[in-house]
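Visitor: The lines below spell out each chain.
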Amino acid sequence: MTFKDLHIISMKDFSRDTIDHILNTAEKLEPVARGMEKSDLLDGKILSLLFFEPSTRTRMSFETAMIRLGGRVLNLGSVEASSIVKGETLADTIRVVEGYSDAIVLRHPKEGSARMASELASVPIINGGDGVGHHPTQTFLDLYTIRRESHLDGVKIALAGDLKYGRTVHSLCYALSLYNAEITLVSPKELRLPDEIIGDLKKRNIKVKQTDSIEEAISDVEVLYVTRIQKERFPDPAEYNKVASSLLITPALLENADPKLKIMHPLPRVNEIDPRVDETEHACYFNQSFYGVPVRMALLSLVMGAIE
Amino acid sequence: MTPNTTPKRELRVRPIKNGTVIDHITAGQSLNVLRILGIPDSSEDVVSVVINALGKHGKKDVVKIENRELNVREVDKISLIAPNAVINIIRNFDVFEKKQVVIPENAEGVVRCINPNCISNSSEPVTSKFNVTSAEGKILLRCKYCERVITENIAERLL
Chain F
208 MTFKDLHIIS
218 MKDFSRDTID
228 HILNTAEKLE
238 PVARGMEKSD
248 LLDGKILSLL
258 FFEPSTRTRM
268 SFETAMIRLG
278 GRVLNLGSVE
288 ASSIVKGETL
298 ADTIRVVEGY
308 SDAIVLRHPK
318 EGSARMASEL
328 ASVPIINGGD
338 GVGHHPTQTF
348 LDLYTIRRES
358 HLDGVKIALA
368 GDLKYGRTVH
378 SLCYALSLYN
388 AEITLVSPKE
398 LRLPDEIIGD
408 LKKRNIKVKQ
418 TDSIEEAISD
428 VEVLYVTRIQ
438 KERFPDPAEY
448 NKVASSLLIT
458 PALLENADPK
468 LKIMHPLPRV
478 NEIDPRVDET
488 EHACYFNQSF
498 YGVPVRMALL
508 SLVMGAIE
Chain Z
546 MTPNTTPKRE
556 LRVRPIKNGT
566 VIDHITAGQS
576 LNVLRILGIP
586 DSSEDVVSVV
596 INALGKHGKK
606 DVVKIENREL
616 NVREVDKISL
626 IAPNAVINII
636 RNFDVFEKKQ
646 VVIPENAEGV
656 VRCINPNCIS
666 NSSEPVTSKF
676 NVTSAEGKIL
686 LRCKYCERVI
696 TENIAERLL
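Protein chains in written order, with the working numbering: chain F, 208 to 515; chain Z, 546 to 704.
Read the hints as simulated data drawn from the structure, not as lab findings.
Given the structure is predicted, the values throughout are model-derived calculations rather than measurements.
Where hints are given, some of them may not hold.
DSS-like, lysine-lysine: derived pairs with alpha carbons at most 30 Å apart [to be verified]:
1) F:K396 <-> F:K371
2) F:K410 <-> Z:K689
3) F:K449 <-> F:K219
4) Z:K562 <-> Z:K604
5) F:K371 <-> Z:K644
6) F:K371 <-> Z:K683
7) F:K219 <-> Z:K683
8) F:K409 <-> Z:K683
9) F:K409 <-> Z:K562
10) F:K396 <-> F:K410
11) F:K438 <-> F:K396
12) F:K410 <-> Z:K683
13) F:K414 <-> Z:K683
14) Z:K601 <-> Z:K643
15) Z:K562 <-> F:K293
16) F:K219 <-> Z:K689
17) Z:K562 <-> Z:K683
18) F:K363 <-> F:K438
19) F:K211 <-> Z:K689
20) F:K363 <-> F:K416
21) F:K211 <-> F:K245
22) F:K414 <-> Z:K689
23) Z:K683 <-> Z:K609
24) F:K467 <-> F:K416
25) F:K219 <-> F:K414
26) F:K409 <-> F:K396
27) Z:K643 <-> Z:K604
28) Z:K689 <-> Z:K601
29) Z:K644 <-> Z:K609
Some but not every residue of chain F turned toward chain Z, in silico, with C-beta under 8 Å [said to hold, decoys possible]:
30) L213
31) T296
32) A298
33) G306
34) K317
35) E318
36) G319
37) R322
38) M323
39) S325
40) S329
Note that CB positions come from ideal geometry on N, CA and C, so glycine has one too.
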């Protein structure tokens, strides 16, 4: 498979071999991401960042990735100061910006926006999140984190929190199924993983367990992936507090865990993880956030044809 | 022969000379088939509809349209709501051609996505696109943009 000019839209477009190649490339580029080695792999290349929604980690890590590889970044800036307020369509914006850049990262509130952009653009489109749809670069960095901090093939992983609406979890479940993971789903009834996704996992012979008890799940997993529970999903604040506290990760809870257990979180966290957990060997969410840099460096180098 | 001994089989709808007979329509879908064909606005000729007729495989609907043959787009749309339908083209009272509808692999610009936040439901210049699969006589449409799946009430979502 050639990566040059490939669009990165949805995890479902990728096979295990392709994902492995991306993760291997990220590993080679990690010293550059840490600033320990210099690189001019993307010297002369320009990346456009079109963010129609707020973002800290995704936008900044793409910028860092590009700068570390010697490339330059063009930013749309605020939507209010652009021609979008004059009523320009996304389709036109894409056709204009592709003329200025070698690749485009798009975050847009409408689901399927990145797929549409990829049909129009002659430069690669990287989906930086489309509504509640996909966020593939997050999934790549999650997989990279699991591989670096634990192991990916056959990993025993618990996914906890909002499994119904969390877009990162849906893409991650699909990707984990390519690696024969054993998945434990921890969530209150209201926020369970949609049945169709559980059905898909079972069709792929993936072992899936469901529970609402984090205590029960934690004793038997190697990775715990925690997601944010959004307050607005609950009409009753008391119900939210009950659910949020039942899934809270505390040092006391971790006493029963495997000493090698790694805890991940896509961030931002609100109060899902007690800050005292940060000091333990289990915490790897800040590493996870850093791994976004080598993973995005790998994707940019591959789609711009700097690495095969 | 007395009137009481006339044969029990009787024609509910008379044969047509020229036009199209759409047979084996999923029971209850004939009015949606008419909607796809834009009837009555698009046709001044006679159109007959049979609802819940007994066929070999249970109930079915039948639509007969005089002096009209269907185009590919119309047949594609019909296949999504009546995957077992058979289209008979009638010329001079004979069946000139008989074809079961073929479910297309892709449906472009025929169905509106169920997801209000899908880019294909926005003001962007984009045509809705679905990947079509069928299992056990049920049609499953997956939006190529937002990947949302439609299995129910497809007729209501036809463009």
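Visitor: Now tell me if each hint is right for this structure.
Guide: Do the hints match the structure? See the list:
no., hint, in the structure
1, F:K396 <-> F:K371, "10 Å, holds"
2, F:K410 <-> Z:K689, "22 Å, holds"
3, F:K449 <-> F:K219, "35 Å, violated"
4, Z:K562 <-> Z:K604, "26 Å, holds"
5, F:K371 <-> Z:K644, "44 Å, violated"
6, F:K371 <-> Z:K683, "26 Å, holds"
7, F:K219 <-> Z:K683, "24 Å, holds"
8, F:K409 <-> Z:K683, "21 Å, holds"
9, F:K409 <-> Z:K562, "54 Å, violated"
10, F:K396 <-> F:K410, "22 Å, holds"
11, F:K438 <-> F:K396, "15 Å, holds"
12, F:K410 <-> Z:K683, "19 Å, holds"
13, F:K414 <-> Z:K683, "28 Å, holds"
14, Z:K601 <-> Z:K643, "17 Å, holds"
15, Z:K562 <-> F:K293, "58 Å, violated"
16, F:K219 <-> Z:K689, "12 Å, holds"
17, Z:K562 <-> Z:K683, "33 Å, violated"
18, F:K363 <-> F:K438, "29 Å, holds"
19, F:K211 <-> Z:K689, "23 Å, holds"
20, F:K363 <-> F:K416, "11 Å, holds"
21, F:K211 <-> F:K245, "23 Å, holds"
22, F:K414 <-> Z:K689, "29 Å, holds"
23, Z:K683 <-> Z:K609, "24 Å, holds"
24, F:K467 <-> F:K416, "21 Å, holds"
25, F:K219 <-> F:K414, "20 Å, holds"
26, F:K409 <-> F:K396, "19 Å, holds"
27, Z:K643 <-> Z:K604, "20 Å, holds"
28, Z:K689 <-> Z:K601, "37 Å, violated"
29, Z:K644 <-> Z:K609, "15 Å, holds"
30, L213, "17 Å, violated"
31, T296, "5 Å, holds"
32, A298, "5 Å, holds"
33, G306, "18 Å, violated"
34, K317, "4 Å, holds"
35, E318, "4 Å, holds"
36, G319, "3 Å, holds"
37, R322, "5 Å, holds"
38, M323, "5 Å, holds"
39, S325, "10 Å, violated"
40, S329, "17 Å, violated"
Of the numbered hints given earlier, the model fails hints 3, 5, 9, 15, 17, 28, 30, 33, 39 and 40; all others are met.
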